[in-house]
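Student: Chains as they are written, first to last, in our numbering: chain F, 156 to 822; chain S, 212 to 691; chain U, 150 to 467; chain G, 9 to 230.
The hints are simulated quantities; they were obtained by calculation from the structure and are not laboratory data.
Here a beta-carbon is modelled for each residue, glycine too, at the ideal position from N, C-alpha and C.
Take the hints with a grain of salt, since some may be wrong.
[Said to hold, decoys possible] Within a straight-line C-alpha distance of at most 25 Å, the following computed DMTMM-like cross-link-like pairs (lysine to aspartate or glutamate) qualify:
id : chain 1 : residue 1 : chain 2 : residue 2
1  : F       : Lys-182   : F       : Glu-619
2  : S       : Lys-416   : G       : Glu-137
3  : S       : Lys-416   : S       : Glu-265
4  : S       : Lys-405   : S       : Asp-572
5  : S       : Lys-405   : G       : Asp-35
6  : S       : Lys-405   : S       : Glu-262
7  : U       : Lys-205   : F       : Asp-717
8  : S       : Lys-416   : S       : Glu-480
[Claimed, not checked] Stretches of chain F that chain U covers, calculated by requiring three or more beta carbons in the stretch to come under 8 Å of a beta carbon on chain U:
id : stretch
9  : 242-251
10 : 418-427
11 : 632-638
12 : 681-693
13 : 752-763
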Amino acid sequence: MIGAGLTIVGLLLVLSLAAAVLPNGPKTPVLVYGASTALCSGLAAIGFSALAASADPVGLILPIGLPWLGAHFRIDGLSAFFLLLLGIGGAAASLYAIGYGRHEHEPHRTLPFYPGFLGAMAVVILSDDAFTFLLSWEVMSLLSWALVLTHHRAEDTRQAGYLYLVMAGFGTMVLLLAFGLMAGSGGSYDFAAIRETGRNEMLAAAVLMLMLLGAGSKAGLMPMHVWLPVAHPAAPSHVSALMSGVMTKVAIYGFVRVVFDLLGPLPWWASPVVIVAGALTAVIGILFAINDGDGKRVLAWSTIENVGIIFAGLGLAVAFRANAMPGLAALAMTAALIHAMNHMLFKSLLFMVAGAVLNATGRRDLDALGGLIHRMPVTAALALVGVTAISALPPLNGFVSEWLMFQSVLQSPQLAQPGLQFLVPAAGGVLALTAALAATAFVRFFGVIFLGRARSDPAAAASEVDRWSLGAMAGLAALCILAGVLPGLLIDFVGPAVEIASGDRLVSQASNAWFTLVPLPQIDSSYSGFLVMAFVAIVGGGAAWTVHRIASRGVRRGPAWDCGFPNADPITQYGAGSFAQPIRRSFGPVVAARETVFMPPPGDPSAARHAASTTDLAWRHLYTPLIALVGALATRANSLQFLTIRRYLSLVFGTLILLLVGLATWN
Amino acid sequence: MSFDPPSLVLIVPAVAAAMLALMPSYRASAWINVAASLLTFLAAASLFVVERPEAGDYLHVDDLNIVFIVLNTFVGLTAAVFSASYIGHELQTGRVTPANLRFYHAMYQVMMFGMNLALVSNNIGLMWVAVELATLSTVLMVGLYRTHEALEAAWKYFILGSVGIALALFGTILIYMAAQPILGEGLPSMVSSKLIASAAELDPKMLNVAFVFLIVGYGTKVGLAPFHAWLPDAHAEGPTPISAVLSGLLLNVALYVVLRFKMLMAANETALAPGPLMVALGLLSLVFAAAMLYRRRDIKRLFAYSSIEHMGIIVFAFGMGGALANFAGLLHMVMHSLTKSAIFFAVGSIAQIKGTQRLADIRGLTQSHPLLGWGLVIAVLSIAGMPPSGVFMSEFLVVTTSFSRAPILALVLVFGLVLAFAALLLHLTGVAFGEPSGEDEPLHSTLVPLWLHLALIMLIGLHMPGPMVEWFRSVAALLG
Amino acid sequence: MELIGNLLLQGVQMFLVLVLAPGLTGLVRKAKARLTRRRGASVLQPYRDLWRLMQKEVILADNASWLFRVSPYMIVAATWVAASLVPTFAIGLEFSWTADFIAIVALLGSARFFLALAGMDVGTSFGGIGSSREMMIGAFAEPAMLLVVFTVSLVAGSTQLSNVVAFMQSDAVGVRVSLAMALVALVIVALAENARIPVDNPATHLELTMVHEAMVLEYSGRHLAMIELAASLKLLLYVALIGAIFLPFGIGPAGTGFAGLAAGLVFFLVKLVGGGLLLAVLETSVAKMRVFRVAEFLGAALMLGLLGTLLLFVSRSL
Amino acid sequence: MPDLAFDIAHMLAGSLVLVSFMMIYQDRLSALLNTFALQALLLAAAVGWQAYIQGASHLYASAGIALVFKAIIVPWALHKMIQRLGIHREVETVVGVVPTMLAGMGLVALSILLMLQLTETAESALAREDLAFSLSVILLGMLMMVTRRNAVSQVVGFMSLENGLILATTGAQGMPFVVEISVAFSVLIAMIVIGVFLFRIRERFDSVDTEAIEHFRGEKRS
């Protein structure tokens with residue numbers, strides 16, 4: 156099984172090389188993306204069967220990488236689950252790209268890196284030693300960087316790519332330190348050895364913090380998130396879908412693998428850091444999503460939010476595990492992992508929607524769109540599924556993970572530490588706030604793009620996208636609904652992964668009547684997505700039917716109520732900025748919102764102007780000073796470029812004398 | 212005389228130098244240069260198959276220097292190939308005349324001779340003479356273009372180099388005097404193998420003073436801060452093949468010499484441990500060079516400073532010591548000379564295409580010259596420690612092993628690495644992407660050496676050949 | 150037989166809430182009228198309104214999409230399902246475990262979601278104003294509500310309303326300060342969610358102040374009827390919820406006999422009437438606040454909910 | 009006899025240091041060159057004496073080199089040059105003479121301190137004294153290089169540094185390559201001198217003041 160997986164990876168890499176040499180014709184993209192679709196489906200199948208069979212983990216060693224170590228590969232429940240996630244996401248993105256790729260002006264800047272990117276992510280998941288893990292991790296960053304630079308002519312794309320790779324390099328360095336701590340100076344790099352070596356809690360906590368920095372910087376945890384809202388949107392949409400939907404999950408896989416599988420026991424006081432980081436990331440991320448005016452950036456910010464939610468869940472798992480409550484840890488871990496899967500589904504879907512809109516209108520800024528539900532009905536319907544799911548509304552999948560998250564939050568009284576007893580419900584409140592804000596953000600997203608009247612000519616002239624793209628989106632939407640209606644299956648499925656990560660798993664949900672979810676039998680809190688779906692459908696359909704039956708069914712079209720000002724301009728609709736106004740006002744300090752109003756003095760006929768802006772405080776308080784510092788350092792050092800030979804000689808002479816004096820005094 | 216590779220790697224360049232000095236036609240001389248380098252490389256490579264000769268009082272071959280000799284002759288070969296295709300265009304543009312081209316090729320072989328001699332010599336005195344010879348020949352090469360800047364660079368290089376040489380000599384004398392009571396007068400006390408063998412009895416205090424002079428003296432050649440001043444200008448103003456040779460080979464040779472003496476010091480436990488000094492100098496060079504990378508405007512100076520940075524990393528690794536760190540140091544050394552010379556090949560072609568070395572005037576290479584541009588991107592990312600290049604492997608080993616031993620030092624190291632990475636990437640983004648700039652000329656020089664090196668780097672990074680691993684491990688053990 | 154009985158009970162519950170909802174709205178209107186010295190329309194007026202609206206043909210704005218036409222039914226369905234899952238006269242019904250407290254909140258969330266979308270569909274500034282303000286209110290009300298859920302279910306040890314009510318009926322529950330806070334928070338949320346004074350005014354059509362009405366401005370005929378019905382269902386849901394959790398008297402325990410059910414029904418009606426009257430008194434005695442003060446108002450509810458949850462641990466540790 | 013030999017060697021070496029101080033004291037080029045010639049002369053004497061007492065005939069060669077090349081040819085050439093440049097009465101120290109002298113004292117003290125730490129063995133006693141002196145000469149030469157602006161005096165500084173080296177090599181009992189090394193250094197110095205000429209003759213720089221040579225610094229400051 157592992158062999159098959161590696162074969163597919165190999166094929167993906169070969170495909171990359173082939174794409175580099177293949178002629179730059181119209182056939183090539185179809186070939187490359189088609190092949191990627193097939194190969195990713197293969198990966199998904201492997202993950203699926205590994206989970207379904209829940210077979211014993213199988214390992215494999217290839218004679219590459221560190222000479223005396225070799226490259227260790229292994230597939231167990233955890234990696235199988237993320238492999239499945241990667242397979243689904245990759246297959247969908249590639250399928251979408253078969254259609255979407257036609258619109259790429261320079262396919263040769265995307266094709267050679269795309270399959271390799273998929274392959275690298277697979278290797279990260281399959282690798283079983285520190286070197287292979289970090290190597291593939293870095294290759295993943297590199298190839299995605301190259302993909303981000305597809306439209307390299309745009310200045311801000313180059314800046315985005317630069318920021319992205321620098322942050323990635325920083326993250327990898329931190330991970331190096333983390334693995335250095337775990338492997339010790341002896342250099343036992345394979346995961347088995349790392350698992351065996353016992354380490355005290357302080358050390359473990361230190362590694363946890365490093366992982367939080369390293370993996371967090373790739374997943375988009377604050378304050379290492381700054382690259383994400385610029386880099387993800389800069390890439391072609393199918394790549395954005397992969398980066399947001401899948402790559403962040405690979406980062407989370409790394410965190411889970413190290414912290415929950417390799418690291419061993421953790422002190423309880425390590426968990427608040429993770430929980431707080433996650434919760435803050437979630438709420439701040441979604442606030443920026445509400446305030447951003449660029450469709451794809453909204454999605455990127457919401458990715459940050461969801462990563463925050465997942466990390467909060469992981470923090471809960473740490474807390475429960477530190478209190479020796481594997482059952483509850485399993486609940487939190489299940490919530491986190493299922494949310495990872497769900498987020499992959501609907502975030503990929505939404506990025507594809509954004510791409511479709513981008514292709515149809517050529518515009519990304521929300522205030523240029525509107526009314527597309529008339530021009531692109533199918534895309535709109537699929538997008539509706541996506542936004543409903545991401546807003547955590549029943550009966551779709553987003554709500555399931557949300558619900559599980561809250562269920563595990565409600566178990567906090569069982570924690571021994573008063574500090575956590577206070578913290579966890581507060582974090583739960585923050586998550587609740589996040590969920591509600593997410594609904595706001597995506598009402599705005601969907602409403603401004605698809606509803607109302609077109610705000611620009613391209614939006615008015617848009618037309619539906621090709622079948623491939625629609626097929627990919629439809630598939631993901633179907634999975635969203637399925638995962639929402641039959642959550643029990645998903646939970647049983649993620650069981651092996653959860654067991655590895657938290658030492659226990661939830662009871663099997665397959666036997667419950669009506670596909671109901673009863674995570675903890677001892678306290679029978681239950682939820683049945685299937686029944687809710689059924690009831691809503693029956694009641695709604697029934698209501699519609701009766702009304703049409705016993706009462707009127709007549710419809711007349713007429714102008715909208717214009718309040719006495721006929722044929723108002725589309726610009727008078729509520730736009731992205733105005734819709735966000737109430738939230739912006741309520742949460743002003745968090746997003747450093749500034750609104751400036753210019754009122755012409757009496758007699759001046761010019762128009763009044765209003766401008767609103769938000770600032771990322773991480774930039775203001777962390778990165779800008781840092782950049783200034785480096786700049787000052789560089790300038791200071793640079794003056795050494797301009798000395799005279801005599802001065803350089805005096806440098807040598809001085810150093811020599813210094814050393815000699817040191818020697819004389821040392822003896 | 213039987214087939215004797217060690218002396219062959221010396222004889223071939225010497226003879227070739229003599230021939231080239233007499234050869235009038237520059238075209239033929241370019242190819243003779245290549246042929247001679249090829250022969251030298253073959254002779255060096257044959258060291259793997261023929262059994263090694265007995266270590267004499269002058270020459271010897273052991274695990275340590277065999278790696279260097281082969282690497283040295285190999286890069287010497289590729290650089291010769293590149294220069295053969297490069298120098299023609301220089302002649303067309305009139306930057307060089309056939310006269311000083313003849314001189315150039317002769318000097319090239321003299322330089323190779325000097326470096327090979329330094330590597331195979333088993334005698335610290337001979338080693339010193341060889342290093343000086345290599346230095347002088349490169350000084351003349353740097354001044355080749357006779358431009359104001361070139362002469363200034365050569366002059367700076369020359370003065371600093373000579374002072375370094377002088378200090379190194381004093382260190383050598385001290386070593387001899389420390390050894391003389393034990394090994395007796397004359398030659399034996401200068402044979403490094405014997406020195407190391409009987410290092411334990413040598414007077415530690417004498418060794419300490421000697422090592423200070425040696426590391427300052429040869430450290431100047433290695434380009435460690437604060438002795439680095441000659442390096443950037445010498446790289447920037449000389450012909451690009453020479454920049455490649457400087458970064459790829461000469462620094463290594465100097466480093467090799469430092470390593471020899473480090474082995475000597477390590478073998479005498481009462482003497483001052485060389486580690487801390489090397490670690491300090493390494494970190495200083497790394498962080499300083501990293502900071503210097505930001506404000507660069509000249510592409511060759513940029514990569515010259517990056518050489519300083521990497522010398523810092525290597526010296527740090529050897530200073531940390533231990534099997535893994537030494538392994539990493541050796542690997543990094545090999546990787547750096549391959550990668551950096553590849554980068555300079557690319558830079559040479561770029562400078563010829565764009566007619567400038569100013570970073571600001573070079574834009575969008577991946578657009579205008581994909582093969583060259585992506586080659587540069589891969590090379591620069593490799594030198595910045597991105598996989599799958601072997602540099603990643605060495606940095607992985609250095610950072611992971613040092614963090615658990617000396618966290619603070621490792622943090623400084625990581626800081627320097629990230630700093631340097633950000634700087635290199637900043638310039639790379641400008642050079643490789645965006646709208647192409649300048650006149651869009653075709654290539655004048657071959658890309659074969661560039662891609663050959665890149666292929667090797669990737670290969671070693673993914674799968675190191677077994678024998679190489681064996682050598683490295685035994686050498687790492689030797690270095691202690 | 151057993152199963153059929155249970156299904157029957159569940160059906161009764163569903164239709165009960167549907168039938169009583171407009172009555173409650175009528176009652177509140179009537180009471181408000183009397184309190185302001187007006188005779189007011191009869192309590193049954195809402196039923197007549199609904200019937201009349203259903204008869205009328207729908208006038209759709211030219212720009213309205215299919216979403217606009219589907220939403221009313223989605224909204225009424227979601228609200229109705231939510232309402233019928235709140236224990237009214239008995240607990241432990243056949244499908245009571247379909248959705249717990251959290252899911253009920255979320256169902257109301259879905260209703261709001263689609264209402265807001267529908268508001269934006271036509272593309273007038275009114276719809277937009279309504280939607281954005283509604284979502285802002287929701288952004289505060291929903292977490293406050295969930296914190297109430299936390300408090301209650303941390304006390305009761307389950308998020309299942311049947312279990313909560315059962316626990317509340319048992320004597321294990323003493324007088325707890327956190328429950329009091331939860332009650333206040335829940336009342337505030339209820340006012341906000343039902344577009345009541347001081348947050349919103351169901352009777353106004355003044356552009357600057359209206360929220361809920363602005364969203365549904367374009368609706369007419371049967372669609373409007375559905376929206377109205379959903380609104381009154383929501384009101385009933387909240388009154389029933391407060392009644393069930395904080396005054397759980399008389400709610401028939403699981404599997405109780407006919408007498409118990411009858412008693413439960415009577416108690417339920419009493420609670421509805423009481424709740425309606427209280428609401429009327431409250432609405433006539435306070436003034437509506439500016440839209441942007443709503444945030445602070447609901448923020449208070451949020452804080453109360455959180456405080457309630459945290460105090461829980463204090464009281465527990467006591 | 010050995011102690012007398014020792015005393016003479018000691019005296020010669022010590023006088024080399026003394027002359028180094030004199031060189032630091034000189035602030036005129038011509039005078040500096042003369043003093044340097046004197047030092048070279050003393051070096052030749054010292055090396056010759058060593059050759060005599062060690063009975064190492066090859067040392068006579070390097071003594072000869074020192075005498076002919078350093079004591080006669082190079083000073084003569086430099087004299088010619090500074091005459092032509094008209095800078096023979098140049099006063100161009102960076103630091104004042106007195107602080108330089110003090111620094112020199114410090115350096116001598118340092119080198120003696122370092123060398124006396126070396127473990128005492130019978131036959132290395134001479135070597136140690138010798139080393140102490142030669143190290144001082146080396147350091148003083150370098151001090152001169154960094155405290156003088158003028159290229160010529162830098163060259164002189166370098167040459168006196170190198171005198172110290174030769175002294176050390178000869179002091180080292182039976183060290184091989186001594187001749188080769190002195191030849192190599194002569195080449196080095198010749199190139200330096202030629203280099204100075206080069207810069208002069210190519211008329212790129214109006215003086216051989218290295219500060220002036222440096223007016224272009226690779227990357228122009230902006």
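Student: Taking the hints in turn, state whether each one holds.
Tutor: Right, here's what the structure says about each hint:
no. : hint                     : verdict
1   : F:Lys-182 with F:Glu-619 : 23 Å, holds
2   : S:Lys-416 with G:Glu-137 : 15 Å, holds
3   : S:Lys-416 with S:Glu-265 : 32 Å, violated
4   : S:Lys-405 with S:Asp-572 : 55 Å, violated
5   : S:Lys-405 with G:Asp-35  : 48 Å, violated
6   : S:Lys-405 with S:Glu-262 : 21 Å, holds
7   : U:Lys-205 with F:Asp-717 : 22 Å, holds
8   : S:Lys-416 with S:Glu-480 : 12 Å, holds
9   : 242-251                  : violated (count 0)
10  : 418-427                  : violated (count 0)
11  : 632-638                  : violated (count 0)
12  : 681-693                  : holds (count 8)
13  : 752-763                  : violated (count 0)
Violated hints, in rising order: 3, 4, 5, 9, 10, 11, 13; the structure is consistent with all others.
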